[in-house]
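One line per chain: the protein sequences are A and B, in this order. Using the numbering used here, the first residue of the first sequence is number 1, and each one after it goes up by one. Using the numbering used here, the first residue of the second sequence is number 1, and each one after it goes up by one.
Wrong hints could be hidden among the right ones.
The calculated lysine-lysine pairs, modelled on DSBU-like cross-linking and capped at a C-alpha distance of 30 Å, are [claimed, not checked]:
(1) LYS94/A with LYS441/B
(2) LYS26/A with LYS94/A
(3) LYS441/B with LYS79/B
(4) LYS94/A with LYS461/B
(5) LYS461/B with LYS441/B
(6) LYS79/B with LYS26/A
(7) LYS461/B with LYS450/B
(8) LYS461/B with LYS26/A
Since the hints were made in silico from the structure, they are not lab data.
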Amino acid sequence: MTGSRLVIELTILALAVFLGFEVISKVPTMLHTPLMSGTNAIHGIVIVGAIIVAGVAHPGWPMKIVGLVAVALATANVVGGFVVTDRMLQMFRKREPARAPEPD
Amino acid sequence: MRQNLIDLGYLVTIVTFVLALRFLSSPTSARRGNLIGAAGMAVAIAVTLAQRQLVTYWWVVAGVAVGAVAGAISARRVKMTAMPQMVALFNGVGGGAAALVSLAEFHRLVPEPGRLPADEGISILLSALIGSVSFAGSLVAFAKLQELIRGRPITYGGQQLVNAALLALMVAIGLVVLVGPQSVGLLLALLAGALLFGVLFVLPIGGADMPVVISLLNAFTGLAAAATGFVLHNNVLIVSGALVGASGTLLTLLMGRAMNRSIGNVLFGAFGAVTAGPAAAAETNGGTVRSTGPEDVAIMLAYAQRVVIVPGYGLAVAQAQHDVRQLADLLEGRGVDVRYAIHPVAGRMPGHMNVLLAEANVPYPQLVEMEEINPDFPRTDVALVIGANDVTNPAARTTPTSPIYGMPILDVDRAAAVVVLKRGMSPGFAGIDNALYTDPKTVMLFGDAKDSVSRLIASVKTL
Numbered sequence: 001m002t003g004s005r006l007v008i009e010l011t012i013l014a015l016a017v018f019l020g021f022e023v024i025s026k027v028p029t030m031l032h033t034p035l036m037s038g039t040n041a042i043h044g045i046v047i048v049g050a051i052i053v054a055g056v057a058h059p060g061w062p063m064k065i066v067g068l069v070a071v072a073l074a075t076a077n078v079v080g081g082f083v084v085t086d087r088m089l090q091m092f093r094k095r096e097p098a099r100a101p102e103p104d
Numbered sequence: 001m002r003q004n005l006i007d008l009g010y011l012v013t014i015v016t017f018v019l020a021l022r023f024l025s026s027p028t029s030a031r032r033g034n035l036i037g038a039a040g041m042a043v044a045i046a047v048t049l050a051q052r053q054l055v056t057y058w059w060v061v062a063g064v065a066v067g068a069v070a071g072a073i074s075a076r077r078v079k080m081t082a083m084p085q086m087v088a089l090f091n092g093v094g095g096g097a098a099a100l101v102s103l104a105e106f107h108r109l110v111p112e113p114g115r116l117p118a119d120e121g122i123s124i125l126l127s128a129l130i131g132s133v134s135f136a137g138s139l140v141a142f143a144k145l146q147e148l149i150r151g152r153p154i155t156y157g158g159q160q161l162v163n164a165a166l167l168a169l170m171v172a173i174g175l176v177v178l179v180g181p182q183s184v185g186l187l188l189a190l191l192a193g194a195l196l197f198g199v200l201f202v203l204p205i206g207g208a209d210m211p212v213v214i215s216l217l218n219a220f221t222g223l224a225a226a227a228t229g230f231v232l233h234n235n236v237l238i239v240s241g242a243l244v245g246a247s248g249t250l251l252t253l254l255m256g257r258a259m260n261r262s263i264g265n266v267l268f269g270a271f272g273a274v275t276a277g278p279a280a281a282a283e284t285n286g287g288t289v290r291s292t293g294p295e296d297v298a299i300m301l302a303y304a305q306r307v308v309i310v311p312g313y314g315l316a317v318a319q320a321q322h323d324v325r326q327l328a329d330l331l332e333g334r335g336v337d338v339r340y341a342i343h344p345v346a347g348r349m350p351g352h353m354n355v356l357l358a359e360a361n362v363p364y365p366q367l368v369e370m371e372e373i374n375p376d377f378p379r380t381d382v383a384l385v386i387g388a389n390d391v392t393n394p395a396a397r398t399t400p401t402s403p404i405y406g407m408p409i410l411d412v413d414r415a416a417a418v419v420v421l422k423r424g425m426s427p428g429f430a431g432i433d434n435a436l437y438t439d440p441k442t443v444m445l446f447g448d449a450k451d452s453v454s455r456l457i458a459s460v461k462t463l
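Chain B with its partners taken away, still in its complex shape (with noise of 0.2 Å):
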């Protein structure tokens, strides 16, 4: 009876989670569906205490004060463009969460006699193993983020054949402990070379490429928490962790495909990248660059009927969203139709740029996606391009040998005219001149881009 009211609870706590995941389809039911989520998080948490198995609860008690402490402050203090590394230390000790219970079960169950059972073996490896390089993996993508450590790819030679050989031994390990003496000491061990894995496999990725591993990493936490489920005989972790899989590896895909990479040559691919430079150099047009000033730019903006801002990177960088809202407030207050261009990496996760928009107060109507804006660039009088380089790149479309080749891109060559905020001529993460800067109806505004948009502003208001 008193195990079926707490199965009956997890089921709720399913249906929440699922019901979460379903309200994030619109940005009107989005929050509701997150407070939905919490309260089944809470119903879960809740019946676990009834378990009759437990029998303190000093320990969990103590726990739940550190972490929910320091959870709540890091999550209230951080800022939104601090985004990606939060996501990615959360992702990380929800894995090291995972990791130690199954070593807890494993040292649990062990001393019973006869063998620890295949299924529940095989489990606790996965989630230790799952668990323990998605811990390590986050730490290292969150010192990338936060720039404790060097964003590009750190390589060495025979790399990949050292990472090989280290799997190699951690299956070889787990093997032991299913056939052989299952000893802790065994599953410490392979703990240990996860987390050493984790760490090896994440440095050579590059800073640029973190939307993906985030999202990876992301997956694989979903799956630890699903082989924990596995371990414990419980449901509600078993969902959870395949809900949070699915949405990882299908945020992984997206990303590779607006990269126009594949997955394998993200995480691979670190050799090959720092060739594509001085070889692509030679595909510009060999135009000739236009610079402007603010008074110009402002007269092109507020005479114009519509115009549509393609923010980047930089712009967050420069802390320039909320002059970008003013500007685009005093615009839409003289009768011109603005909206933002949104590329699906711009930023440094996935959505990025659209909840640093919206904490500069942009109304999210106003963010367009790719494919939705690119057939309007026709019609617009200007493209306002703000910290965004590569994205914007026609080579993507019309050189073959490009090695941004075939990425899709925001079509601004097509607009009418084209102003680029950009603090100087250098070339874009992937290290490539972009023939956008000397077509003949571009005009570059050089400077930092808070305040070439704050000269804007002065400029508009003038008129």
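One chain only, chain A, in its complex shape (with noise of 0.2 Å):
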């Protein structure tokens, strides 16, 4: 039983990776910068894991201190990977809708 879990896991991994580079050949390099910032909120996925080992119960206070400190490092790295990709992704644009005056 824990055998075959472990092939599907692996399947899954496997196909993820190909699909990955697949998309990810797309990106063309002028957004590699927020690509790397955005790849960088998705590892925040962690926080799932943080979330669980912070709330199950742990006899003693080492590990749910653990758990706090994980929680709080994937939550800022979910939080900030996505805010800051956004300012970037923001910035990219065609033509101002109405170029300003030239200041002096």
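Hints given; two lone chains; assemble the complex.
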């Protein structure tokens, strides 16, 4: 039973890697910095793991602290990653709607 | 039933992440994609909170509050020039979180009767190891980019031997944890060793190679997240981690190619790099450098038909991107066709220069990639090089003995005239002379980039 679960998970991993290469190779170099910060935000998904370890009953304080720190780090990763990516992407414009007059 | 709903929620998240990356294929849809990804993340967090195994929310709420405030403030305040540091930092905290999750899971599983299953054991070790290396390595990269420590490679004798020994020691500890006594103490030793390894691994890598390092650490954190997925048997972690791992790997390879160096050379090659300078100095053609004033350059630019601006990191350092855009606007107002030629490694991370110019309101259709603009240089009247050096050095094409021979460059020397804005005659990062500067059709305008561009703007206005 454990064996087949591992195989299924490895299958998912392998397919996701190929999907990743496929999708990422279509991103133009112009957007590579937002791509990096965007994927940065995506690996913030460890927040799922962090919430689980912070929310289950741990006997003793040390592991409670570990869970707390894990959640804090992962949240900073998620929030910071998406916010900074949004900040960058909103700057990419074809033309400003109305050109401001030249400041002297 | 409940578990099925939770897993369906995770599936929604997976789909939104793939869509987010898919939408990044065009600047028009990219922002929407990012918002979709963020919504997917919210779904994942919501369904995780509904998991049965959660018994307390206090620690979660406290952690989220602290992390959200810290993340939002730093993301709002960071300057676009400091984006590489910021990305390095977010990489690091993600890796650190993955390592801590595996530590807590190990602690929870170990007291149970029977051995830790091998697959979960290996996953925990990998996640702890890669996560810690990414955390410590990213912090060093951050410190280098932020100039808290010297950007130059830090080397000492037997460095690679020390690193190899440390890695071997950690593998040994890992094996002991798998087959022998499964104590939290051993895992803590492994974490400490991995942190040390992360520091030693990035210290010898020079500041200019940071685009490669950041991409690689990005891939590492992705892999750590995927390994965490194998620990918790959670598909959304596995898929997201794999997507990030693929992205980081692809960007690492791309950066290596653009710098004409193998990844191994970037990561372990700090030792030979110093000797390149003096040997290559003899490669100049012995011509003279022609210096000129802003009035002459203004006339060249204003009466040209096609101008290509070649921005380098020097432009970003001088914060001259806004002035350059003003100059371009003035020229366009006079009917000149202005475009920007962007080398893949311009800036300090992949695509950095595009972000800096976008911030200065340069419309993105004017930002042209190297492969696309190179054939246009012979039809270009003036190539205006601002704060770029090695990426314009024709020695990469012509001089097989040059250390940068074979590196893809922008063919500015094929334009009818070249204007180089430069502080002085100091060589670029590679430490070699640039034959472009002694080319008869090149003129140099010496001075601070921002200052020179402002003087050019003033001169063009008087025409």
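Evaluation of the provided hints:
The hinted pair formed by LYS94/A and LYS441/B fails the criterion: a straight-line CA distance of about 34 Å is larger than 30 Å. For a cut-off of 30 Å, the pair hint linking LYS26/A to LYS94/A stands: about 20 Å separates their Cα positions. With a CA separation close to 37 Å, the supplied pair LYS441/B and LYS79/B exceeds the 30 Å bound. Taking the CA atoms of LYS94/A and LYS461/B, the gap is near 26 Å; set against the 30 Å cutoff, the hint holds.
Between LYS461/B and LYS441/B the alpha-carbon distance is near 25 Å, which keeps this suggested pair within the 30 Å criterion. For a cut-off of 30 Å, the pair hint linking LYS79/B to LYS26/A stands: about 28 Å separates their Cα positions. Under the criterion of a C-alpha separation no larger than 30 Å, the hint pairing LYS461/B with LYS450/B is consistent with the structure, at around 17 Å. Taken as a hint, the LYS461/B and LYS26/A pair is broken in the structure, with Cα atoms around 42 Å apart against an allowance of 30 Å.
Violated hints, in rising order: 1, 3, 8; the structure is consistent with all others.
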